[in-house]
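**Student:** For reference, the chains in residue letters:
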Amino acid sequence: MTAAPPQIGHGHAPSLAAAGEPLPGWEEIVQTLTFQRGFNTTTVMLGTTLLGIGAGVIGCYALLRKRSLMADALSHATLPGIAMAFMLSAAIGIEGKSMLVLLIGAATTGVIGVVTIQAIHRHPRVREDAAIGIVLSVFFGVGIVLLSIVQTMSTGSQGGLSRFIYGQTAAMLTTDALLMSAITLIAIVSAVLLLKEFALVSFNEGFARVTGWPVTLIDLLMMSLIVLVTVAGLQAVGLILVVAMLIIPPAAARFWTERLRWLVVIAAIIGGLSGYLGSAVSALLPRKPAGAVIVLCAGAVFLISMLLAPRRGVLAQAFHRAALRWKIARDHMLEQLCEQAEDATIPASQVRAMMRRRGWSSLRTALFGSVLALQGWVSRKQGAYALTDRGRDRGQRVSRNHSLWEQYLVSYADIAPSHVDWSVDKVEHVLSDELVAELEHALAVRNGEPAGVAP
Amino acid sequence: MNAALHRFIELDLLPMLAGAMAALTCGLLGNYLVLRRLSLMGDAISHSVLPGLVIAFIVTGTRDPVVMLVGAGLSGVATVVIVELIRRFGRVDPGAAMGVTFSVLFALGVFLIEQAARQVDLDADCVLHGQPELLGWTVPADFGELLSPVTLGAVPRQIWILFAMLLITLAFITALFKELRIASFDPQLATTQGVHAGLMHYLLMVLVAAATVASFEAVGSILVIAMIICPAVTARLLTDRLGSQLLVSAIAALIAALGGYWLGALGPSLVGSEISLSAAGTMAVLAGVLFGVALLASPRHGVITQIRRQKHLASRVLVEDLLVTLRRAERSGESSVSVGRLRPILRGEATRAVELGERERLIRRRGDSVELSEDGRARADAVLHVHRQWQSYLIEEAGYLPDHAHEAAERLEHVADASAMNPPEASGSAPDRS
Numbered sequence: 001m002t003a004a005p006p007q008i009g010h011g012h013a014p015s016l017a018a019a020g021e022p023l024p025g026w027e028e029i030v031q032t033l034t035f036q037r038g039f040n041t042t043t044v045m046l047g048t049t050l051l052g053i054g055a056g057v058i059g060c061y062a063l064l065r066k067r068s069l070m071a072d073a074l075s076h077a078t079l080p081g082i083a084m085a086f087m088l089s090a091a092i093g094i095e096g097k098s099m100l101v102l103l104i105g106a107a108t109t110g111v112i113g114v115v116t117i118q119a120i121h122r123h124p125r126v127r128e129d130a131a132i133g134i135v136l137s138v139f140f141g142v143g144i145v146l147l148s149i150v151q152t153m154s155t156g157s158q159g160g161l162s163r164f165i166y167g168q169t170a171a172m173l174t175t176d177a178l179l180m181s182a183i184t185l186i187a188i189v190s191a192v193l194l195l196k197e198f199a200l201v202s203f204n205e206g207f208a209r210v211t212g213w214p215v216t217l218i219d220l221l222m223m224s225l226i227v228l229v230t231v232a233g234l235q236a237v238g239l240i241l242v243v244a245m246l247i248i249p250p251a252a253a254r255f256w257t258e259r260l261r262w263l264v265v266i267a268a269i270i271g272g273l274s275g276y277l278g279s280a281v282s283a284l285l286p287r288k289p290a291g292a293v294i295v296l297c298a299g300a301v302f303l304i305s306m307l308l309a310p311r312r313g314v315l316a317q318a319f320h321r322a323a324l325r326w327k328i329a330r331d332h333m334l335e336q337l338c339e340q341a342e343d344a345t346i347p348a349s350q351v352r353a354m355m356r357r358r359g360w361s362s363l364r365t366a367l368f369g370s371v372l373a374l375q376g377w378v379s380r381k382q383g384a385y386a387l388t389d390r391g392r393d394r395g396q397r398v399s400r401n402h403s404l405w406e407q408y409l410v411s412y413a414d415i416a417p418s419h420v421d422w423s424v425d426k427v428e429h430v431l432s433d434e435l436v437a438e439l440e441h442a443l444a445v446r447n448g449e450p451a452g453v454a455p
Numbered sequence: 001m002n003a004a005l006h007r008f009i010e011l012d013l014l015p016m017l018a019g020a021m022a023a024l025t026c027g028l029l030g031n032y033l034v035l036r037r038l039s040l041m042g043d044a045i046s047h048s049v050l051p052g053l054v055i056a057f058i059v060t061g062t063r064d065p066v067v068m069l070v071g072a073g074l075s076g077v078a079t080v081v082i083v084e085l086i087r088r089f090g091r092v093d094p095g096a097a098m099g100v101t102f103s104v105l106f107a108l109g110v111f112l113i114e115q116a117a118r119q120v121d122l123d124a125d126c127v128l129h130g131q132p133e134l135l136g137w138t139v140p141a142d143f144g145e146l147l148s149p150v151t152l153g154a155v156p157r158q159i160w161i162l163f164a165m166l167l168i169t170l171a172f173i174t175a176l177f178k179e180l181r182i183a184s185f186d187p188q189l190a191t192t193q194g195v196h197a198g199l200m201h202y203l204l205m206v207l208v209a210a211a212t213v214a215s216f217e218a219v220g221s222i223l224v225i226a227m228i229i230c231p232a233v234t235a236r237l238l239t240d241r242l243g244s245q246l247l248v249s250a251i252a253a254l255i256a257a258l259g260g261y262w263l264g265a266l267g268p269s270l271v272g273s274e275i276s277l278s279a280a281g282t283m284a285v286l287a288g289v290l291f292g293v294a295l296l297a298s299p300r301h302g303v304i305t306q307i308r309r310q311k312h313l314a315s316r317v318l319v320e321d322l323l324v325t326l327r328r329a330e331r332s333g334e335s336s337v338s339v340g341r342l343r344p345i346l347r348g349e350a351t352r353a354v355e356l357g358e359r360e361r362l363i364r365r366r367g368d369s370v371e372l373s374e375d376g377r378a379r380a381d382a383v384l385h386v387h388r389q390w391q392s393y394l395i396e397e398a399g400y401l402p403d404h405a406h407e408a409a410e411r412l413e414h415v416a417d418a419s420a421m422n423p424p425e426a427s428g429s430a431p432d433r434s
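Heads up: the sequence lines are chains A and B, in that order. Position one of the first sequence corresponds to residue 1 (the working numbering), numbered consecutively onward. Position one of the second sequence corresponds to residue 1 (the working numbering), numbered consecutively onward.
Note that these hints are calculated values from the structure, not bench results. Computed from a prediction, not measured in an experiment: that's the story for all the values here. Even glycine gets a Cβ: it sits at the ideal position worked out from N, Cα and C. The reader is advised that the hints may include incorrect statements.
Unchecked claim - The calculated lysine to aspartate or glutamate pairs, modelled on DMTMM-like cross-linking and capped at a C-alpha distance of 25 Å, are:
#1 A:K196 to A:E258
#2 A:K327 to A:D219
#3 B:K311 to B:E349
#4 A:K66 to B:D186
#5 A:K66 to B:E349
#6 A:K327 to A:D414
Unchecked claim - So, partial list: chain B residues that the calculated Cβ filter (under 8 Å) puts toward chain A:
#7 S103
#8 V104
#9 L295
#10 E374
Claimed, not checked - Covered by chain B, according to a simulated footprint, are these stretches of chain A (three or more residues, beta-carbon under 8 Å):
#11 60 to 67
#12 177 to 184
#13 282 to 291
#14 370 to 379
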């Protein structure tokens, strides 16, 4: 009545008790990293590195097409194919674990899964996320049902199937690694050759269509490359984590560049590096599953990229925001001082009262006053403020920008004069010189007309 | 007691109950996720509870269910928060943000299992696949004893947890029905109405995480994903209102769970097979089948209905084109037109058009030629009226050039609301001048 619990291919090493195992020495580490740990380890490491590169490259297109989770569905959809291929090959008497047969099965249902998503998604009431989720769960469900049948079969060698779910790099045979490398190489070469077409379809599908490119065909090619890499990755990291190899490196690379070529290159480097380091760690230390370590490496790179990337990184963004906020505060203070008294000195108490009307606390006013003095925007003598030349210049420009923009909004954007001030306060700091010149011109022309008619 | 019934209660009742309760909980919550395009959050959460389980075990050293629930619940909430952080601060596409989060967390879980939790039976596989079949219940052979404390005490805790979860979910949806509805459809409007849309979102996510955790041990996370998405989308295809959608999705979830269990555990033995299938798998598959049926056969939104409607419209357009052609010929003095001359005008479908027209008694056949009947003439005039109205609208209001308007009106003349459709006589407009 009840199915036997699935035999899952984790090793059988005792845990915890063995926690005190010695760390590998330097020599061993260097040996591993330079591929001198025997043929088998070398093949596996090269294979996972190549897989990382391939997944990184292909993943870029998935990311740009906003299809990252499609890869997730696809990898789950390979399970019924694997189980069916196993059953078929067992039925006709081929060795059940033949890698090629299983991979062909995986690719077949993977493609069917992708096509199903596209077909379901066409219906206006089924959104893409739902379509992906349906295919993911139902196909995986079919896979589980088939696996439960496999478990009751008497062929006995079904244990090998589980390595597709969690991946077992260490158990990989050299031929498997070679096959995996070959698939990945094909995927990389086609992705590079089709860079232009893929870029076009990813960025502007409509334009590609009207200029006569076979968009559907290109799309399908892209998806089949994703299938290829997914299937190749099954052995190394397993079907749940292969999706990480497709998603994480491109998402991390996206922080570093705005150009597709570089995105592809950087994603390839990140993916390759994760594969290389992950498999090396797994070869060096006991009980470190390669798939998980590879993904954790990629995840670490993602975190570092997200925090530290120069333009799009979180820290850089925070710095930019802080700088802008400081600039705005400075401008406000200079503008206020300038409007109040261009040349005279103003006592600090008056400045405080003035700024309080803008909602500044006395502390804030004092603080900004000191910094402005330090930077030479104002000079402070005996508790009174005076604008320096530089400060006056800036203050005048800001208030000129303010009134320009205010006039523009009132005369062109039909905003009631009483409502203008608030929005102007925000925009006056970011007007570029060209824009200011243009505004001056436009307003001069507009104001010139009535002047010309008037006597 | 009947032996077969006894066997059923011992072996099959609880798995069925577990499946049904998990399916109901997830199916109801799924409606809101699907509406907010967050269907895959269930997927993400169900993968990322793994590290929470392992860490909870490492920290406490026990496999106490409460500890496990807390650990998994925390990592479920952490997933939501991390996805949101990556999406907002990294400005990453939401799909990619989810993918990064759950895959890294899952990898962390696999890694940690390998490190520490090996000697306990904490199996990533069970989390994913689930084995409702293993929920057995030892009951005495006497029906009277069925509800005694001892017998009830033998019910596995998963059942109680699922039951509690179902009650919480029902209470949540009933109490906050209005708030959830407005927050799901229009978060901005919700905020202006004083409903905290963000709070609703997080409450929902916490519940999804909790439901995932409560369900996974009994039925596996794959079933959770299936039940969150499939019944809700099925219901969306069948109804247009949130209230009835909730109801329909609950029914679909129940059918999938009970039917799926029957298919997996009981079905094969009926056909004399020794095989028993994974019940979690068959439940997910049945949920998918229900969706497929709704997609094809939904009376309102199904593919079949759509195709029929399209065909219907196409034949109406064809017949109306025929009628208009005949009417125009009539006005230029020909009371009948030969089928041969209609061919180029009706794009090779003249024969079918004539057949359709005859069947509706809109035209009459005279040998090789056709002419309009009374009904046909009235219908043709109505279409021409709509055509003229569209044409003048396009020229006067939409800024079309006069020589472009005719073509556009030619396509639009077949669609118009009732007021424009009124025949010229009825609406009292001037007789035809074209």
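**Student:** Now tell me if each hint is right for this structure.
**Tutor:** Do the hints match the structure? See the list:
no., hint, result
1, A:K196 to A:E258, "holds, 16 Å"
2, A:K327 to A:D219, "violated, 47 Å"
3, B:K311 to B:E349, "holds, 14 Å"
4, A:K66 to B:D186, "holds, 24 Å"
5, A:K66 to B:E349, "violated, 43 Å"
6, A:K327 to A:D414, "violated, 29 Å"
7, S103, "holds, 3 Å"
8, V104, "holds, 4 Å"
9, L295, "holds, 6 Å"
10, E374, "violated, 40 Å"
11, 60 to 67, "holds (count 3)"
12, 177 to 184, "violated (count 0)"
13, 282 to 291, "holds (count 4)"
14, 370 to 379, "violated (count 0)"
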